[in-house]
Structures are given as structure tokens and as C-alpha cells.
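**Student:** Residue strings, one per chain:
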Amino acid sequence: MNLTLRIWRQSGPEDKGRMVTYQVDDVSPDMSFLEMLDVLNERLILDGDEPIAFDHDCREGICGMCGLMINGDAHGPQRGTTACQLHMRQFSDGDTIDIEPWRARAFPVIKDLVVNRNAFDKIIAAGGYITAPTGSAPEAHSVPVAKANADAAFESAACIGCGACVAACPNGSGMLFTAAKVTQLSLMPQGQPERYTRVIGMVDAHDEAGFGGCTNAGECTVVCPKGIPLTSIGRLNRDYLAATSKRGDTPGT
Amino acid sequence: MELFTEGDPIADTRAPDGPVETRWERRRFEAKLVNPANRRKMTVIVVGTGLAGGSAAATLAEQGYRVKSYCYQDSPRRAHSIAAQGGINAAKNYRNDGDSVHRLFYDTVKGGDFRSRESNVHRLAEVSVNIIDQCVAQGVPFAREYGGLLDTRSFGGAQVQRTFYARGQTGQQLLLGAYQALERQIGLGNVEMNTRHEMLELIVVDGKARGIVVRDLVTGEITTEFADAVVLASGGYGNVFYLSTNAKGCNVTATWRAHRKGAYFANPCYTQIHPTCIPVSGDHQSKLTLMSESLRNDGRVWVPKAKGDDRNPRDIPEDERDYYLERIYPSFGNLVPRDIASRAAKNVCDEGRGVGPTKLGVYLDFADAINRLGRKAIEAKYGNLFEMYERITGEDPYEVPMRIYPAVHYTMGGLWVDYDLQSTIPGLFVIGEANFSDHGANRLGASALMQGLADGYFVLPNTIANYLAAGPFEEVDGGHPAAVEARRDVEDRLQRLLAINGDRTVDSFHRELGQIMWEHCGMERSEAGLRKAIDEIRALRDQFWQRVRVPGDGEGLNQSLEKAGRVADFFELAELMCIDALHREESCGGHFRAEHQTPEGEAQRDDDHFAYVAAWEFTATGEPSVLHKEDLNFEYVHPTQRSYK
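Heads up: the protein sequence lines correspond to chains A and B, in order.
Position in the first sequence counted from 1, then plus 430, gives you my numbering.
The numbers in my numbering rise by one with no breaks, and the one at position 516 of the second sequence is 500.
Worth double-checking, as some hints may not be accurate.
Simulated restraints on C-beta separations [as the list claims (entries may be wrong)]: (1) P459(A) / G132(B): 45 to 51 angstroms; (2) G132(B) / L476(A): 57 to 63 angstroms; (3) L172(B) / V652(A): 35 to 41 angstroms; (4) Y130(B) / E569(A): 16 to 22 angstroms; (5) V610(B) / P574(A): 51 to 57 angstroms; (6) F618(B) / V652(A): 56 to 62 angstroms; (7) D267(B) / E480(A): 21 to 27 angstroms; (8) V652(A) / E363(B): 21 to 27 angstroms; (9) D334(B) / L476(A): 56 to 62 angstroms; (10) P443(A) / Y130(B): 51 to 57 angstroms; (11) L172(B) / A576(A): 31 to 37 angstroms; (12) D299(B) / G657(A): 33 to 39 angstroms.
These aren't lab readings, by the way, just hints derived from the structure by calculation.
A virtual CB, placed ideally from N, CA and C, is assigned to each residue, including glycine.
Isolated chain A, as found in the complex (with noise of 0.2 angstroms):
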């Protein structure tokens, strides 16, 4: 098949950046979509071009690195799909798609289709921890954990931190990334002692990185290519206000 990319170029985070558009011949469908940018790349490199930087790794759905906004969607069409996943038989013949990076106050473009994520790291160092220093933990089998809860904490730990969430929201809050770590470690007894330590500490953080509040607008549960449901930011909620009220704090300061 034949398309048009209109893809977003920036040489630094200090230009201004813009769409520049690219034909590109012959994709096949049993391409992947990053895939599908590699052959470009190749063109334009032979034709004295830059190629267009976009960060990849696994290429396996899995690692979270890749990211980019398709048409305006974080990750493309598919549901549950991440864009190194994402493969050409989604789209046709003819079709023109629009390529842009993460758009957020928190995640600065760095060139072209890449992105500073850095914000992420700084929230799970605020807390989306268990602290259990190597060589200290009793046998795994002393405490048993209910399978109902060892199943869902593994809905959340499933979070890849790849950022789509917060491409997504309107708002630009990182409320799912944040509840899906917290949802994890709560729902595992193993995390209770830190439970309300570790609410408040990764809130603070995902506050000062610049991320903006969650008005449960819903986007973010629609793109995670993971599936983290909407209610674990209802459960981070319950555990922040029960943690600031024991703090004698209101919430939200």
C-alpha cells in the first residue's frame, strides 16, 4: 500500500518544530508500524536526509520505550496495542497519518519523536516501593497471599510506563501510571506497612513533576496499551485521603 506520513520534526527541545510530510511506497501489511519508519529512515538516510529520531527498544510490547501519537491516538488505532505492536494491516491503501510525539508539560520533546520521560522514575523513587533490602525477606511461603489479590495487583503491576496515559489526558496528569503502582502494592500485604507513606510521597512527586491533576476524564484507561482499569485511581484516591486525614493534612496539599 501507498501512504502519506505527516510527521512531526524538531531538531532540539529550543525549535519550535513541525509537520513535514513523506510518501512512502510499497508497505507491505505484515509490517510493524515502527517498522514501516525504519524503511523511511533508510531512504531518507541515503537520500542526505536526517532520519526521524523516535525511541523503540523491545519492540515486543513490553519495555515501554516506544511511543507516539497516530492520528491522535497514543499508540495508534488498536486497542491494547503498543505502536512497535501496531502492524500495517490496520491501516489502507491510500491513508494519510499524522506521527507526534508525546505531547505533556512533564515530558519535554528532546528531538523529533522523542520525549524525556524521566518524571516516571522520579515518582516510583517518591515511594511506588516496598522496602526490603536484599537478604532480608522471611521465606516466601510465610505469608500467603489471597489469589484474588495476587491476580489483581498483577492487573496494575502490568503497567509498562510508557506514557500514553498522560499523552491522553486532557490534562496531562500521570493519575494512572502513579494508582497502578499504588494499586499493586497495596493490594499485597507484603505492602501494607508503607501503604499511606508511600500514597503521599508518589502524589507529592507526580505533582512537582509537572503533571497536571486527574479529573477522571477516562482517556488515559482507553489507550493503555496494558489495560489498567479506571478504578485504580479511585483506590489511590481512597488510600490518599485516608493518609492525609491520618496525617491531620487536607488533602491535596
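Starting from the known structure of chain A, arrange chain B on it as the hints suggest.
**Tutor:** Structure of chain B alone, referenced to chain A:
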């Protein structure tokens, strides 16, 4: 010119002697300790943030060392350990099915086709139980039974159920556990994390590893970084084949640069070809995707009995199908180890019985399992894998059998290390897939996660202390002649790559190199093929340095420049792999030489002549490497012909 010369054998691996089950305890007792106040004065550089590097960096920081961590990705959570699907082995014997530390030890030595060290493997089996405890304490959501206890399954060639798992995303969950421990230490200020940084050279001062040269991939800035010890946890080199199940960024540069600085490279030809990957669909293919071999627990592998049978698989009656693994290996059936399953798939395709558009594929059929257990049960076990298959191929594996074919997956070879995981350069430690230890010539399923975490959480943090006890070492800075030279080498190399401005892309060279390697140094190797490959690699490498085009400059994000440096190192490694494969005149594990097979076509080892680790010493570019042999002694698991019949 001869391809290599032979040097002195390696006499000492620093493994304690005595009964194998007491060696690790003795080593820990005899190793020197560093008192907590002194740990704060010492810095350790850790390159890579996968299971090995992430767990090591977190643990060293918990112990009180200052840690500087580096990864090329934008976050330490993205290292390719994250893609491991199936599970992690541990000798917990929760199933009461006869498992024990000794059995895991035995299975791993045997599975490695008697080309690994007994001392190392026993230690691995011992600490396997601690890993599960550690990960559970971190909140890793392992699969559980209704009673709340951990579920286990049998995996890749094991007859006991010792594999712990988290759906098909075990690697992801274990890595996130290590990543979170690491982030905690970053938050506490104990680890300096450097993302989007790539190590391009090792700095050796007075014979000791004292630092690295790194490039900031965003700004292009090149800096020298120093420490009391350097730990490489930079993963494997499967991408030398271009197409593999590795992430696109996986590369050999960190270990290869260390090799050029004096670290021996051991058994480079031992590569693991995984039997269950999605077949190649066309020339645009950029990577291959693994389907977890846990699928072989319920899927049955078959091809049509007749050559060129193009019928829809559902129209081929039972008696015209060849369930060849069940036929040839009745006792293990579809669960034979990876090397055996891969070669069997190649053989039936070579016979003209392959399936799919390219005829390089075999069926993995779930129809029987769906009939027996119901679609729901299969969905619960493998739902995410089935979805992934459908996204990539456009076919529904609940309705038609999957098509699979072997692909390069893991490299057992790597930098040579002693029992302490220290390379031949003092102060340079190598952990995880980047080293050569533990797996011999073939790695068993669910053992990579075990080894990465064993090294990072439990082995290295104990053994590195013995080295650091002599520190802190004399201060070194960027003005030291060794640092100045290392930095200049990096800058010259980048400038040279940028200046060629030829007429071919980096990827076009990488793809061609990969084809040479797959053809001649892949599932089956022969003397004639390997000699041809060495000539072709050399010729192509010359072309690369004359004709590659790397656009842009070094002053900022330049993904073509990153790739070019990695591919340049793959060219050098590829030649050494072929030389290693050529010199090893036997078949063992993942290394199958056409000239050395039993009458039934199975791998024929030659223990009299090749029961050794081949450790290669770099001399100079274009000069023959020196082979050092480390003899392997088997006191507990006596070498036998591996038989899975």
C-alpha cells in the same frame, strides 16, 4: 595466516575445593569484608540495569557503597530482561515432587551439556531459593494457588515443577522489583543514575579497572567516570545475528571494549536458538518475537508427513501429521530442551516439510489442549501470548495452529569470570548474560532470570567485597594518561564513523552480517561454512569502514551514530565467534558441528579433547587471538551422552 595461537591454560578459577555443597559458604567466610564506614568511601560503577545490573546496583547501595549506574535506555526499567516471559527456576520443592538443590544443580550441568563449572552451578542452585523469597518480599505478583501459596509449573525440559511465574510476564515483574529497589536507592541519594548514557570504553589504570568513558546520548557529551571497581551487566550479544529476540538496542560494545582492554572472552560461539518464535514475514523484518516455551506444555508440535503439503492445517487428518518431537523423544516429547527442539524444527524444514508462506515454520497446535481443558483455561494461561501472536500475524491461534520457527535468543558465551565473577582484569566484574558462567553450552528455560538475580542480589555483593577490601584505591581523574587515551580513542572512533559519508546505511551492513552469521554460525556449523564466513565477515567489515553513511554529527541525539558504533563492534565479535566455533571440533549444546553427530543425528561431544572453557585473549586488531583453556572437571555429575528419548 593462522586464525589463533594457544597460550597458557587458566590454572586458577578461585573456586574453593572441598564438597561442592560447602564451597559457597566457605568462599563467603574466607572472603575479606569491608567495614560499613569504609563502604561509604568507595564507588562502584554498574553498567546496565537489567536483572543483574539493577539488582546489583540496588544491593551495593543498600550495603553502603556509592553507586553510579548507566543505561542506554531512557529509564532503568526498560532493560531487556523485561521481555522474559516464562518464569524463574528455584529449588523450593514446594510440589514435593523430588526437587532439591542437588537436582537443580544436576539438571543445569547436564542441560549445559557438561560445559559449565560445577562449583558455579551449585552456588546458583543454592541461592535460587533466596531469590524467590526476595522477590516476594518486594511485592512481585507471582501466580498463586487458591490457598494463597505460590504456583509453579514445569518448564523447558524439566520433569519437576520448579518454575515460578507471573503470567507470561515474569521477567517484567522481576525487573520491576529490582528497578523499584534501585529507584529507592536513587531517591535516597545512594545511586547516581545516568539514563541515555552508553559506555564506549573501559579505563584501566595500573592493571586495574578504574572507570569508563561514556557518551551522553542526548547531548553527545563524552565524559570519563571513575570508581574503585567496575561491574558490567550489559547483557548478551544475540544481535550480532541482526534478527534475534533481543531488543533493538542490545549490543556487545561494553563487553567487547573490555575484551580489547584485556578481559578474556569465553565460549563466544555458544548461542541459544530458541525453538518457539514467530517466523520471519519479509525483508523489512527488524526483530523476532518469542512465544514463551511454556506454550510447549500444552501445545503439540507437528508438520505434515508429506513434503509440500499445502493444505489448511485443519484439513490434514491425524494420521497424516508427524508429531515429530513426540515420535523421536517419547519420554520428553514436546518438552525437550531448546537446542534439541530447534534443531529438530530445522531438520523437518530442511526435508521440505516446513509450513507457512516461507516454508520455514512448524505448527504449534493447541486444539487438543482446548478440547481437554476448555478455551477458558487456555486463555487464563496464555491469553496475552495468543493476543500478541494474533497482532503480529493476523491469525487466531485458538482457531488455527500457531506457526513457529527457531530464532537467536540468548548467548551463553561472554566475558570470562572466575568464581568471584571477576574478569581477567582486576576490578572488572561481569554479571548476568554478559558473563559466560553457569549455563555451559546450552541454557535451560527459566534459568536466565535465576542467574541474573543470583549474580546481582547474592553473589557479586559478597565477592566484590573481597576485592574492595584493599580499597579505596588511589584517586584517578580525567587527566590521567590512561583516561586521556581512552577518551581520545572514543572521540577518534566516532569522528571516523561520521567522516566516511559513504553510500550504505548501518542497517544494511548489519543485516548482511546477520545473514552470514545465521547461515554459517547458526543452528548448524561446518568447517567449510565457518571458513567462508570468516572471509566474508572480514571483507564486509572493510566495506563497512569505507562505505557506511552516518548522517548528522556527534553533538546531540544521533541514533545512526549509536548503531554504527555497535555494529562496528559486532563485526569484530562475529569473527571471534566463527573462530571459536571452528576450533571446537565437537558438537555440544547450542553448538552443533555437522561433522560431529551420532548416527541418529544428535550432538556428539568430545570430552577427551574439548571439556574446557575456551577463553580468548585479544592481541591487536587483525592479529590472531590467543586461546587459553580452562579445564572442566566433573566430580558430581558425570558426563554422559544427553538423551531425552
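**Student:** Look at each hint and say if it fits the structure.
**Tutor:** Now for the hints, and whether the structure bears them out:
In this structure the hint that P459(A) and G132(B) lie 45 to 51 angstroms apart at CB holds, the actual value being about 46 angstroms. For the hinted restraint 57 to 63 angstroms between G132(B) and L476(A), the CB-CB distance of approximately 59 angstroms keeps it satisfied. For L172(B) paired with V652(A), a C-beta distance near 36 angstroms keeps the hint of 35 to 41 angstroms intact. The hinted range of 16 to 22 angstroms is satisfied by Y130(B) and E569(A), whose Cβ atoms lie roughly 20 angstroms apart.
As the Cβ distance of V610(B) to P574(A) is approximately 56 angstroms, the hint placing it in 51 to 57 angstroms holds. In this structure, F618(B) and V652(A) meet the distance hint of 56 to 62 angstroms, their C-beta atoms being roughly 58 angstroms apart. Taking 21 to 27 angstroms as the suggested C-beta distance range, the pair D267(B) and E480(A) conforms, at roughly 24 angstroms. In this structure, V652(A) and E363(B) meet the distance hint of 21 to 27 angstroms, their C-beta atoms being roughly 23 angstroms apart.
Checked against the given bound of 56 to 62 angstroms, the beta carbons of D334(B) and L476(A), roughly 36 angstroms apart, lie outside it. Checked against the hint of 51 to 57 angstroms, the C-beta distance between P443(A) and Y130(B) comes to roughly 53 angstroms, which is consistent with it. Distance hint check: the CB atoms of L172(B) and A576(A) are about 32 angstroms apart, consistent with the given range 31 to 37 angstroms. Checking the proposed 33 to 39 angstroms range against D299(B) and G657(A) shows it holds: the Cβ atoms sit about 36 angstroms from each other.
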